[in-house]
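Protein chains: 2
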Amino acid sequence: MATRSAATQDDLRRHNLARLLRRLHEGGAASRSDLVAFTGLNRSTVGVLVSELADVGLVYEGAGAAGQVGRPSLMVQPSASSAVVVAFDLRVERTVAALVGLGGDVLVHKEQRHKRSSYTPETALRNIVSLVGSMMGKAPSPATWVGVGIGVPGIVDHVDGRVRLAPNLGWVDVPLGDMVREGLTSAFGFAPAVAVNNDADLGAIAEHARGVGKHSRNLIYVSGEVGIGGGVIIDGRPMTGAGGYGGEVGHMVVNPQGAMCRCGAKGCWETEIGRDAILAAAGLGGDQMEVADVIAAASGGNPKAQAAIDEAGEWLGIGLANLVNLFNPEVIVLGGHLRLLFPLVSGTVYRRIHYALPAVREQVRVEVPSLSGDSTLLGAAETAFEALLSDPIDVLARAHHAAAS
Amino acid sequence: MATRSAATQDDLRRHNLARLLRRLHEGGAASRSDLVAFTGLNRSTVGVLVSELADVGLVYEGAGAAGQVGRPSLMVQPSASSAVVVAFDLRVERTVAALVGLGGDVLVHKEQRHKRSSYTPETALRNIVSLVGSMMGKAPSPATWVGVGIGVPGIVDHVDGRVRLAPNLGWVDVPLGDMVREGLTSAFGFAPAVAVNNDADLGAIAEHARGVGKHSRNLIYVSGEVGIGGGVIIDGRPMTGAGGYGGEVGHMVVNPQGAMCRCGAKGCWETEIGRDAILAAAGLGGDQMEVADVIAAASGGNPKAQAAIDEAGEWLGIGLANLVNLFNPEVIVLGGHLRLLFPLVSGTVYRRIHYALPAVREQVRVEVPSLSGDSTLLGAAETAFEALLSDPIDVLARAHHAAAS
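Listed in order, the protein sequences are those of chains A and B. Counting from 70, one number per residue, gives the positions in the first sequence under the working numbering. Counting from 70, one number per residue, gives the positions in the second sequence under the working numbering.
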């Protein structure tokens with residue numbers, strides 16, 4: 070509290086506008102009575118705030134959903150065609166992009182494959198600018214473009230969008246946020262808010278806002294790719310740590326007698342449950358192989374593949390028990406190849422989690438993502454909406470101004 | 070933001086009063102100009118707020134500290150004799166208590182030794198009630214008694230003050246918060262806010278508010294007692310987790326080939342750096358021995374004691390590197406016997422922390438507590454002041470009413 074910015078009359082109005090819009094964006098349509106109950110403000114104040122949001126087109130009032138008892142009441146709804154963002158999930162071998170409207174609707178969804186070896190930051194930038202152009206060309210009129218969100222498989226300074234290290238892209242110290250802002254400005258004469266974040270952090274944000282952790286306050290997202298990434302939500306907010314780099318769960322040492330990790334330590338969690346570890350244990354090396362191939366081999370009766378899965382299950386459980394003891398989460402969400410692995414080893418995983426202290430583990434559940442592989446992409450959209458949701462009127466005024474200039 | 074309570078006019082006033090009082094309590098005396106700069110409010114609003122706090126006696130204005138350049142300006146100061154709390158640190162073999170005034174001054178400090186075997190919850194309650202009586206007898210007049218804070222070496226539900234498990238006290242599922250509220254009410258006809266928390270969580274709160282982590286936003290306190298406890302501050306606020314039980318760093322598995330822990334898992338951090346582990350490795354068992362004895366033996370040339378210290382240093386570093394990767398803290402504070410151990414093994418510890426990812430470790434420093442063994446006690450005082458600091462006028466009005474009835 071002590072360092073939060075001052076609360077003046079004007080802050081109060083902005084704060085309440087922001088709260089209303091965020092509620093509608095995250096929770097969908099609501100009656101005025103719902104909003105009165107949600108905010109604790111009186112009916113006339115809510116009316117004034119709704120009118121102010123409606124005047125700039127961010128919300129509208131219309132008949133509620135069918136199936137309600139009695140006469141359908143007027144519902145306040147976020148207008149998906151009022152404000153849009155373009156979201157990106159930059160992966161090792163493909164770029165996934167979406168045009169997303171206020172309220173979270175995915176309006177356009179695109180994938181482009183690329184060669185890992187030639188995917189430099191400059192190539193990525195060209196793809197991003199070109200995809201923004203084609204997506205904004207399909208944006209509903211009169212939508213205001215309020216942000217771009219980008220997920221990167223690496224360590225990112227979320228304040229300025231600098232990619233410190235993305236080992237599997239081979240990127241070191243890339244000022245991606247600045248590059249994208251400049252690229253968009255030179256292509257379109259304007260750049261909205263640009264947010265760049267770690268992919269697993271975005272997975273956590275999306276699964277918490279709209280996915281399997283929707284009603285939780287404390288969530289950990291663990292993504293299994295070549296490496297093992299993590300994103301942590303504490304008391305409803307993303308945990309960043311001192312520099313924005315918290316949640317590096319893949320480099321938690323769980324087996325000091327284990328294999329050497331590319332980070333230089335021995336026995337990181339990643340060296341036990343990362344893709345390469347599972348492939349190697351199964352004797353299925355090679356660039357084209359995936360954890361899905363190990364699972365297929367095991368179900369076809371390959372004992373070495375089955376042993377690799379069993380072993381990965383033990384280590385998955387040991388690491389998750391640590392996270393439970395440390396963070397006391399309500400939900401752990403397993404993405405990437407862990408999503409495929411978990412159903413096969415859930416008994417082992419829960420047996421290991423049972424070693425966490427009883428009070429700490431009693432609320433936890435382990436889940437797979439409910440956003441069908443798009444957790445990172447949708448998390449990127451959420452971060453792109455953040456500026457608008459924090460100060461709707463101001464951001465919209467500046468965006469209109471920029472568009473008009 | 071979405072679930073925070075509504076912001077009405079009255080909320081705004083309370084919020085600003087609370088911010089001012091918290092600033093003065095945590096940061097000490099400030100000029101009106103400092104408070105204008107801190108709050109961003111205008112001078113007349115700050116004047117009204119200061120007057121309101123002065124009217125109820127919580128603050129006063131007086132000459133500033135000597136040594137300033139120029140004419141001393143009037144400083145707004147928290148009044149240590151306006152509101153007091155009684156704080157307790159319940160340890161395995163002694164009870165430490167303090168009477169603490171608003172602003173954090175320790176007015177009275179007491180220690181009572183007790184036998185571990187006979188220290189039941191009922192005995193603890195009798196001690197607490199009797200110490201409150203003798204301390205409040207020494208409270209300055211007209212101080213209002215606004216809270217009691219208690220630290221317990223165990224797993225505590227901080228919402229209702231129930232001790233779920235305090236293994237070294239032998240307490241299981243003890244409703245300590247309710248017991249203390251009832252005990253105080255029957256002894257004094259009134260009980261103020263009673264806060265019960267885990268000892269390491271309180272260490273983290275105190276070192277963050279007033280100690281070596283004063284200007285940090287992300288801090289981890291690791292306490293070495295019989296067990297290894299932890300408290301975590303994330304972005305300026307204590308991390309609680311789903312049930313208030315986060316931060317159980319002692320049961321992070323770091324050595325699955327290691328010794329069996331009393332929690333049932335194998336190779337917990339506690340089985341490598343806990344007191345008993347270090348004593349056993351040094352060949353110095355026995356109830357009366359402490360880590361200090363191992364250190365003395367090593368400095369006297371005992372090679373087994375030296376080897377135990379070296380080994381504990383390696384494991385301390387491995388565990389801290391994990392915490393750095395997971396939480397990206399600015400400060401790690403090592404309390405209890407780790408405070409004695411750290412200066413002897415700091416080279417090893419930093420070498421191990423160097424295995425954490427570069428971006429994640431670049432801001433971290435490892436410190437020993439600066440509150441001379443009283444971190445838990447002073448953290449308990451902070452939690453006891455929390456109700457007053459959140460809503461000063463309301464809490465004071467209710468306390469006066471209770472005293473008058």
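Read the hints as simulated data drawn from the structure, not as lab findings. Backbone N, C-alpha and C fix where the C-beta goes; we use that ideal spot for every residue, glycine too. Hints may contain errors.
Stated by the list, open to error - Footprint (simulated), chain A over chain B, 3 or more residues, beta carbon under 8 Å: (1) 178-186; (2) 315-322; (3) 393-403; (4) 416-430.
For each hint, the structure was consulted:
1. 178-186: Result for this restraint: violated, n = 0.
2. 315-322: holds (count 7)
3. 393-403: holds (count 6)
4. 416-430: Our answer is that it holds, as 6 residues pass the Cβ test (under 8 Å) against chain A, meeting three.
Hint compliance for this structure: hint 1 is the single one not met.
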